[in-house]
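> Once you've looked at the hints, dock chain S against the given chain B.
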Amino acid sequence: MAYSEKVIDHYEKPRNVGSLDAKDDQVGTGLVGAPACGDVMKLQVKISDDGRIEDAKFKTFGCGSAIASSSLITEWIKGKTIDEALEIKNRDVAEYLELPPVKIHCSVLAEDAIKSAIKDYQTKKSHR
Amino acid sequence: MSENNHIYLDYQSTTPCDPRVTEKMMPFLSEIFGNAHSRTHYHGWQAEQAIEKARKQVANIINASPKEIIFTSGATESNNLAIKGVAEFYRDKKTHIITCKTEHKCVLESCRWLERNGFDITYLDVEPNGLVNLETLNKAIREETLMVSVMAVNNEIGVIQPLKEIGALCRKRGVFFHTDAAQAVGKTPIDVEEMNIDLLSISGHKLYGPKGIGALYVRRKPRVRLVSQISGGGQERGMRSGTLSAFLCVGLGEACEIAQKEMAVESAQIQKLSDRLYQKLKESLPQIYLNGDPIMRYPGNLNISFAHVEGEGLMMGIKNLSVSSGSACTSASLEPSYVLKALGVEEELAHTSLRIGIGRFTTQEEVDQAAEDIIAAVTHLREMSPLWEMAQAGVDLKSIQWSGH
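Listed in order, the protein sequences are those of chains B and S.
First residue of the first sequence: 4, per this note's numbering; consecutive thereafter.
First residue of the second sequence: 304, per this note's numbering; consecutive thereafter.
The following block holds chain B by itself, in its conformation from the complex (with noise of 0.2 Å):
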């Protein structure tokens, strides 16, 4: 199977791979995917009081289309509302990425997991 351009880009120079501080209130966690699936995700972002993504980190293990569809996704959230963010689809990650159908679900993956970390942001949030 040959890789896109940009997955082998993304794979060889991933951008924004690392940990924030999840205990941190300004700070989301999504973690998805499973172990036995092939594919996890973890998705941290850091977001400002007027509900701004600061900060975005990955790590992912996976294929080379989970790992780049993740650092795409840090790319493109960094700078966003959450709104904005919440915006992201799939389908986007996927024809950027230029994904074969067979790696679709890693386009999937990386939209769930900016779900995920928002969610997990705003229940923190709520819960303050």
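Source of the hints: derived by calculation from the structure; they are not laboratory data.
You may find that some hints are simply not true.
As the list claims (entries may be wrong) - Only pairs whose alpha carbons sit at most 20 Å apart, straight line, appear in this in silico PhoX-like list of lysine-lysine:
#1 Lys16(B) - Lys622(S)
#2 Lys396(S) - Lys475(S)
#3 Lys118(B) - Lys16(B)
#4 Lys60(B) - Lys127(B)
#5 Lys49(B) - Lys118(B)
#6 Lys9(B) - Lys396(S)
The structure displayed is predicted, hence computed values, not measured ones.
Leaving out everything else, chain S in the frame of chain B:
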């Protein structure tokens, strides 16, 4: 076998044709072109003579008689012919076949086809080391059992099944013993007499011969009968119709002769390289696991799980190495390897496996380069892996409610 720094480490998938084999084959693509089945003229005799020499070379490597060797298009056809052909011949008497869950797809699919056509098939579990348990096999044999089909060397994990013990058991219980020896012939000693093998499948391109040819050994004493699966002119003693390709037969024969002559020296060399590679990986990388029995295996196969690093992602990081992965992502079905699953390897670890194949043309420099590349990629990907991070922090990954998808 390095070209542009690409290192070939996928010898279970296929092997390059040995240049000595290619050389013997060449004349049969040009000046010697006769049809071996033309029994009445010089050109036919020329081809026939070459084919009969090849048949003898193939027979020798498994200690059989040339009369017991049928040329086919490859091990897939041999396995189909052995299983479906024998089943069809004896179906009025016996309708039960035993095989195991780690067999090659062509054996499993042939068995499933028979299942749909009235046969009863037992798919034996294997032990966690990949080997068939003889007591389990003994218990599975019943009055209506026709045949046991157990492969010699597993293509994914390299384990060598106890052929001699299985053969003795089958002979004692009066059932035929077929073995898919595509990965074994030329790599590990096979003796159809000593091992009481009744049918055995061979592949040309797995032993440094050409693709498109294989053979089936069919025992004559006591005789094994089968129904041919291809209708035609009745070549190969009625068991496999179609004009033989002298070019390919000569290649397979020569490949067998070279393999037989050099097996001992070559095995020792491959063992040395395999040990070197595995040691290097183990010294630098914690939490790696060899899949399949560590002793009862063909050393040219290293199937290793690298915990917390997904196999396809890893392959992308070692793009100068041609290896294979048991990860789901490399298959169209998105299912991880059924062989590793049969061993009881957890799905997570099955996704992290690489099959590294070492062969006749592998050099120490290549092995050292491979070790370096794999160590660098695994280390890098573990730093990116949330599972590695959690495991390092002491989180029990089994305690987490994974979402899946």
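> Does each hint fit the structure? Answer for all of them.
For each hint, the structure was consulted:
1. Under the criterion of a C-alpha separation no larger than 20 Å, the hint pairing Lys16(B) with Lys622(S) is consistent with the structure, at around 15 Å.
2. In summary, the hint linking Lys396(S) to Lys475(S) is supported, as the alpha carbons are separated by about 18 Å, within the 20 Å threshold.
3. Among the hinted pairs, Lys118(B) with Lys16(B) is inconsistent with the structure: their alpha-carbon atoms are about 25 Å apart, more than 20 Å.
4. A hinted pair counts as satisfied when its Cα atoms are at most 20 Å apart, and Lys60(B) with Lys127(B) qualifies at roughly 18 Å.
5. Annotation: proposed proximity of Lys49(B) to Lys118(B) holds, straight-line Cα distance about 14 Å (limit 20 Å).
6. For the proposed pair Lys9(B) and Lys396(S), the alpha carbon gap of about 61 Å is over 20 Å, so the pair is violated.
In this structure, the earlier hints numbered 3, 6 are contradicted, and the remaining ones agree with it.
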